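Chemist: Required output: the full structure, derived from the provided sequences and hints.
Residue numbers (my numbering), protein chains in the order written: chain A, 1 to 290; chain B, 1001 to 1244; chain C, 2001 to 2317.
Simulated from the structure, these hints should not be mistaken for lab results. Keep in mind it's a predicted model, so treat the numbers as computed, not measured. Ideal Cβ placement from N, Cα and C applies to all residues, glycine included. Heads up, a few of these hints could be off.
Covered by chain A, per the in silico footprint, the following chain C stretches (three or more residues, Cβ under 8 Å) [said to hold, decoys possible]:
1. 2024-2031
2. 2125-2137
3. 2299-2312
Only part of the chain C face toward chain A is listed, based on derived beta-carbon distances under 10 Å [stated by the list, open to error]:
4. V2060
5. R2110
6. A2168
7. V2172
8. V2247
9. T2258
10. I2262
11. V2296
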Amino acid sequence: MLSYDLLLNAVMAGLLLGGFYAAVTVGISISFGILDIVNIAHPAFIILGSYVAYIVNAQFGLDPIGASIIALPGFYALGAAIYQVYYVSFEKRGQDALRGLAFFFGILFITEVGLVLEFGVDYRYVQAAYIAQSWHIGIVDLPLRMLVPCLMSLAMLAALQIFLTRTFTGRAIMAVAQDQVALQLMAADPIRIKRIAFAISIATASLAGAFLIIIQPVEPSIGRDYIGRVFAICVLGGLGSLPGTLIGAMLLGIVESFTATFYGPSWAPAVSFGLLLLTLAFRPMGLLGR
Amino acid sequence: MTALLEVERLSKRFGGFVALDEINLSVAAGERVGLIGPNGSGKSTLVNCLCGTLDNEAGTVRFEGRDLAGQSAHQRTRLGMARSFQLPRPFASMTVADNLKIPLFYAVNARHTPALTEPEVAARCEELLALVGLLDRAWRFPRDLTQIDMRKLELARAMATGPKLLIADEAMAGLSNTEVDDIVALLIRLNERGTTVILIEHIMRAVMSFSQRLVVLVSGKKIADGHPDDVMRDAEVERAYLGQ
Amino acid sequence: MNSVVRSASFILACAIVAAGAFVGARAAGNDYVFFAGYTVLQFVVLATAWNILGGYTGYVNFGSAAFFALGAYATVFFHKFYPLPVPVLVVMGAAVSGLVGLGMGYLTLRLRGAFFAIATLALAVVLQTLVVNWNYVGGARGAYVIRPAEVEGLSLPYVQYLFLVMLALAVVAIATARIIEHSRLGYGFAAIRDDELAAEASGVPTLRLKLIATTLSGALMGMAGAPFPYYIGYLQPSSAFALEYAVNSIAMPMIGGTTSWIGPLVGALLLGTLQQITTVTISSAVNLLIVGVLLVGFVILAPNGLIGLWRRVSVKR
Chain A
1 MLSYDLLLNA VMAGLLLGGF YAAVTVGISI SFGILDIVNI AHPAFIILGS YVAYIVNAQF
61 GLDPIGASII ALPGFYALGA AIYQVYYVSF EKRGQDALRG LAFFFGILFI TEVGLVLEFG
121 VDYRYVQAAY IAQSWHIGIV DLPLRMLVPC LMSLAMLAAL QIFLTRTFTG RAIMAVAQDQ
181 VALQLMAADP IRIKRIAFAI SIATASLAGA FLIIIQPVEP SIGRDYIGRV FAICVLGGLG
241 SLPGTLIGAM LLGIVESFTA TFYGPSWAPA VSFGLLLLTL AFRPMGLLGR
Chain B
1001 MTALLEVERL SKRFGGFVAL DEINLSVAAG ERVGLIGPNG SGKSTLVNCL CGTLDNEAGT
1061 VRFEGRDLAG QSAHQRTRLG MARSFQLPRP FASMTVADNL KIPLFYAVNA RHTPALTEPE
1121 VAARCEELLA LVGLLDRAWR FPRDLTQIDM RKLELARAMA TGPKLLIADE AMAGLSNTEV
1181 DDIVALLIRL NERGTTVILI EHIMRAVMSF SQRLVVLVSG KKIADGHPDD VMRDAEVERA
1241 YLGQ
Chain C
2001 MNSVVRSASF ILACAIVAAG AFVGARAAGN DYVFFAGYTV LQFVVLATAW NILGGYTGYV
2061 NFGSAAFFAL GAYATVFFHK FYPLPVPVLV VMGAAVSGLV GLGMGYLTLR LRGAFFAIAT
2121 LALAVVLQTL VVNWNYVGGA RGAYVIRPAE VEGLSLPYVQ YLFLVMLALA VVAIATARII
2181 EHSRLGYGFA AIRDDELAAE ASGVPTLRLK LIATTLSGAL MGMAGAPFPY YIGYLQPSSA
2241 FALEYAVNSI AMPMIGGTTS WIGPLVGALL LGTLQQITTV TISSAVNLLI VGVLLVGFVI
2301 LAPNGLIGLW RRVSVKR
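Modeler: What follows is the structure, given as structure tokens:
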């Protein structure tokens, strides 16, 4: 007999989780969905963001989200630098996709191992006033450590959507995915536009990393769990669509939440990857795709 | 006489955009057909649908009386339909000669005729390279070729599949007058040996000197189909394509 | 006829080199040579197997660990019924991994190469989760596989026997790669890698060939994994699915050179030996860091690997 209480809380937990997953994925929606760059190292940057938030929080007691906002310019610069290397080494030379993939895989690897060497494999966590608290609305539990990241994530997504649809640079980014020549005729440099877009995608990792370490303790290897989730959401939601990313993230969040509640948390990684495999096999254009 | 290629009410959309709207076309064996139309009129989309690179949503394509629905691109090539790409797509890691081995191994040798032996494959390569004038560059790599040589390689590779129908997609863009004449002569030689050819081109001189029949495509619709001189005098064609 | 003779003499040459390696190892008088050598040879097989799909056809497999681990866990599975001889287990490991490769390929190879690569990552995690939750093969705790002291029939210490098996597998992998390279199949693979659309238009049945490559590659990796439980004695999911298999399977061919069978061999021998030294002298984490840096460095600066550099140097002379 299914408990209504349990069911409702599983759904709520799924939605909160989904909000967070959207923040994790939005960077890939930009780099893979719009720029067609398979940046599988993205989760590593998120973990990096988590560790940055951890360090600042441990040293200065600053709120992790605040710390990640301060770190935004640094991540932006990192993203710009990586895109420049990627462009000069691969896109310009017209190299096959193999090398680009190997490049990002190498970066994923170097980042993870680097973090292990620097911080070890112990779990790290942050301290903030709201992490232990929880709101209760009727029978529904809203742990603040899930609610705050979820709301901040929605804010970030909204800000990005406005940027992409209302500003010149944002629209140029959307355009570069479709027609580089037209963009050049508009007197915008496609390479610069793409670099900005990629840098933004890495900057989102800074915030997503802070959200992550608020929600759960972090150690270097958990980035790999997120690769499948991120691409599953991206493909499910239809590449390059921010609203699609949100819907896909919510869907995955709910499915994972249900699986964890009723079957046990050790099955959770298989859920996202399994969903990804199924989507790729049967509906690769995504739920909202053409 | 059944047509070699029968296209009935072929349609293709990309989302809301209608790229091809109920195209009807019939090509008899041995014909030389020219296909013209402004940029974006759907010519390349038509080629892609005929050859199986793209799926058409509606309509049928029949080759030698056989419905091609569900046949993949490589299967259509094996049945006898070949195409050259508008932007040459050579196999960059192989020599010019080896580029021709691929269609010989996989199209010609896959048919129900006795397979070519290694010496026969080499001989066929030589023959084709001589036909297009690339024999002295047989051991070069595609990156070392000039534009026109790449076009010739592209055509030679399509011809290597031993096609009954060859669709040449804008093989002459950007070439000089003499180079254009070379390619037209090449295609006519090919046609004389029995290959039906559909020539898609912008260069009117080439189209007029080559085609026995001219088809005009504008905005995804066929607006003319007949003898080249008649078509060029057609008012609608003038208005839609030439008049501006 | 000519090519059959060439292939046969190549296999013979490999067998002679392998026999020489075995004799040399015994002459060293130190068991460590066999332990380290087994690991290096394992990488030769994995790198060569990866390259058949990645280097020849251009489809990147990030989940080499999954196919390797499938072979290892197939052994654990059958070992519980009855301790089968290693060669039989090798064939079974190949069959299991090959079938999974075929299945996964069938689901994802019709998509772009990037999606295939991501799907292989997904596969590795799904399989690891399945194994972790499957108590029959030990689950997260792991499974003990007792290694016999000696092999029946041969008076060889077991680790030397395993070394010999891996030598044989290395010969099989390299011979397979070379035979493919010089065959019609190899031309088809190269065409797919160079331009899949043009290959399809030239009559190449691209899906079928890609499935062959995926199945073959998976089977060889499963073969490499089958003796692993006996080598290591105690099999845990974290060691079977270790990231080092995924990164090394990619790094070794890319550093050695992806266009021929020589590349993965050179890459595996050099990098494998380097790693044995680094792991022992510095630490295994630093070792992995070096591999990652080398991979990125080579991909950016020397995309054709060591073989590519060698060719450029020898052309200049």
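Chemist: Against the earlier hints, flag every one the structure doesn't satisfy and list their numbers going up.
Modeler: Hints 1, 6, 7, 10 contradicted; others consistent.
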